[in-house]
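Visitor: Each chain is listed here by its residues.
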Amino acid sequence: MTIFIVLDLMATIAFAVSGALAAMNKRFDPFGVGIIAIVTAIGGGTLRDMLIGRTPVGWMQDLNYLYMIFIGLGMALIFRHKLQKLRKTFFLFDTIGLGLFTITGVEIGINAGLNPIICIMLGTMSASFGGVLRDVLCNEVPVIFHREIYALASLIGGSFFLLLLKTGWDQDIIYVLTASIVISIRLLAVKYNWSLPALRLPQE
Amino acid sequence: MTIFIVLDLMATIAFAVSGALAAMNKRFDPFGVGIIAIVTAIGGGTLRDMLIGRTPVGWMQDLNYLYMIFIGLGMALIFRHKLQKLRKTFFLFDTIGLGLFTITGVEIGINAGLNPIICIMLGTMSASFGGVLRDVLCNEVPVIFHREIYALASLIGGSFFLLLLKTGWDQDIIYVLTASIVISIRLLAVKYNWSLPALRLPQE
Amino acid sequence: MTIFIVLDLMATIAFAVSGALAAMNKRFDPFGVGIIAIVTAIGGGTLRDMLIGRTPVGWMQDLNYLYMIFIGLGMALIFRHKLQKLRKTFFLFDTIGLGLFTITGVEIGINAGLNPIICIMLGTMSASFGGVLRDVLCNEVPVIFHREIYALASLIGGSFFLLLLKTGWDQDIIYVLTASIVISIRLLAVKYNWSLPALRLPQE
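Chains as they are written, first to last, in the working numbering: chain S, -15 to 188; chain W, -15 to 188; chain V, -15 to 188.
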């Protein structure tokens, strides 16, 4: 499924751009920007692979991910003065990445023979943990813990993916449906400003 | 030893509650609160398992840990207005958890054939690193680095555990003795306000 | 090559001292200072080992690293009032450590049969990631992302190392040359105050 691979690589680019932008926002030097871009793009998948013992982790064995990150990094550096205008484009890539990395993560869990609940967690982790690491390394509170519906879209999509697999439908159709669910939830959440309420403790 | 398993699961609940409280204190949304609860409860054991190559890590293979976390999470959400009153109860659970996770960690090190010093480190890491990750993800300086005697109780207990194993006594007795040492040190430290002095550099 | 092993262990001491100083600067207690010293000295190598599945990780199998850390820790505690005067000595050790850990990291990558680009990344990670973890645990923005040329020296040295390996020269000579390159770049960068420019986003 060529379109799938193309989108997966585009998602890696998008995550790298998101990391590079966050790092430039903190005024890191080019080296720091590069590290943050790499960590954002591969952090989620790396943690997933380490947790299940799939080592050397993915990006060490398939250099295409690294090349995509370099492309994303170059794009962020070159177009950084115009990125405000391109924001919608990158938001779209990032959202596509959320959908696709969810699917990859769940599938790798299934192949490792893990329980469905664990597989869904692996999917969400693959899709969102790169962003958590990006924020930790930038010394910020991870944005997905207190703003926007992001990882939740991945969690819901991952659950649907497992349900759809039971139907016996064609795998490509299931991929497209799952990605559509994740992407739709995320797009709607941003368009209509959906967010979960903050939980807080009573003041003493 | 049924009582032991029951206490281990209760400890997982206590750690999850501790994570959920910290996250609500930062006003995270329900999703963020869930992630922090999970990371606090399983973070120490997960790092230990990854370091020694015991993968997929423990909680991926025994779902009971996850169920306990969900219970802890539910308790934190439901009782969050009354948790001030229940603080002593949860402190007790957390302290029991410290003792039990120390034992589990050291034992797993022994089973992996590692040097006793490394085993003690694994025990302390299992018992205290979930709290470190909780604080890092909340963008706080980890509390165990500069306040209270916490991980030190685990370190001392782990050392005694290894000594006791040489006596050839019944394993259950050794478990109970070790847990008692860790729990006693922690309880006394809190009751009498023991703490290690801060180290500081001379002002220039 | 005895001199090499001696320098490697001295580098571990230097990294432990660097961690202990950072922790004392944050007024951590002795336990916290110990943890930060350990993490700074072994963090980079530990991540490298976990990523490629070389577990139990190195320091769990060769206790010499731990003993060096204890020496570094003791030195930092005893001499902390005089460390200002010894700063140049420790800077030199740290720089030697940067050079040597780069070589170790790249070599381990080669032995694992990984692609040269990945090997260079592993070298840089081994040499610099302990410092990143140190800063994250101290709740600071990692210094190597926005100040000084540090990891870049390791990156350049690692690349030269791979090129030199193709010459077929004696391995000891290649080791010495590589370490010299890393150390020279780092020393020159500090002496002449070289740094990479911060990248920043245009103000909106």
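Check each hint, because a few of them may be wrong.
Pairs count within a copy or across copies, as identical chains cannot be separated in the list.
Quick list of in silico lysine to any residue cross-link-like pairs, SDA-like style, CA-CA up to 20 Å [to be verified]:
#1 K66 to N177
#2 K66 to D(-8)
#3 K66 to L(-7)
#4 K66 to L185
#5 K175 to M34
#6 K175 to D78
#7 K72 to Y51
#8 K10 to Y49
#9 K72 to V41
#10 K72 to L185
#11 K175 to H130
#12 K66 to F54
#13 K10 to F63
#14 K72 to S143
#15 K10 to V160
#16 K10 to L180
#17 K150 to E124
#18 K10 to R184
#19 K175 to V127
#20 K10 to E124
In short, the hints are calculated from the structure, not lab data.
Visitor: Does each hint fit the structure? Answer for all of them.
Guide: To see whether the hints hold, each was checked on the structure:
1. K66 to N177: Intra 25 Å, inter 32 Å, cutoff 20 Å: neither.
2. K66 to D(-8): neither (24 Å within a copy, 47 Å between copies)
3. K66 to L(-7): This pair counts as neither: shortest intra-copy Cα distance 22 Å, inter-copy 49 Å.
4. K66 to L185: between (42 Å within a copy, 10 Å between copies)
5. K175 to M34: neither (35 Å within a copy, 40 Å between copies)
6. K175 to D78: Within. Shortest intra-copy distance 15 Å satisfies the 20 Å Cα cut-off; inter-copy 42 Å does not.
7. K72 to Y51: Classified as neither; 23 Å inside a copy, 40 Å across copies.
8. K10 to Y49: neither (25 Å within a copy, 35 Å between copies)
9. K72 to V41: neither (31 Å within a copy, 39 Å between copies)
10. K72 to L185: For K72 and L185, the Cα distance is within 20 Å only across copies (17 Å; inside one copy 36 Å).
11. K175 to H130: within (18 Å within a copy, 35 Å between copies)
12. K66 to F54: Classified as within; 19 Å inside a copy, 45 Å across copies.
13. K10 to F63: Answer is within; shortest intra-copy Cα gap is 17 Å, inter-copy 35 Å.
14. K72 to S143: neither (27 Å within a copy, 38 Å between copies)
15. K10 to V160: So K10 and V160 fail the 20 Å test inside a copy (36 Å) and across (37 Å) alike.
16. K10 to L180: between (27 Å within a copy, 14 Å between copies)
17. K150 to E124: neither (40 Å within a copy, 43 Å between copies)
18. K10 to R184: between (29 Å within a copy, 7 Å between copies)
19. K175 to V127: Within one copy only: 18 Å inside a chain, 37 Å across chains, cut-off 20 Å.
20. K10 to E124: both (10 Å within a copy, 13 Å between copies)
In terms of the numbered hints stated before, the structure departs from hints 1, 2, 3, 5, 7, 8, 9, 14, 15 and 17, listed from lowest to highest.
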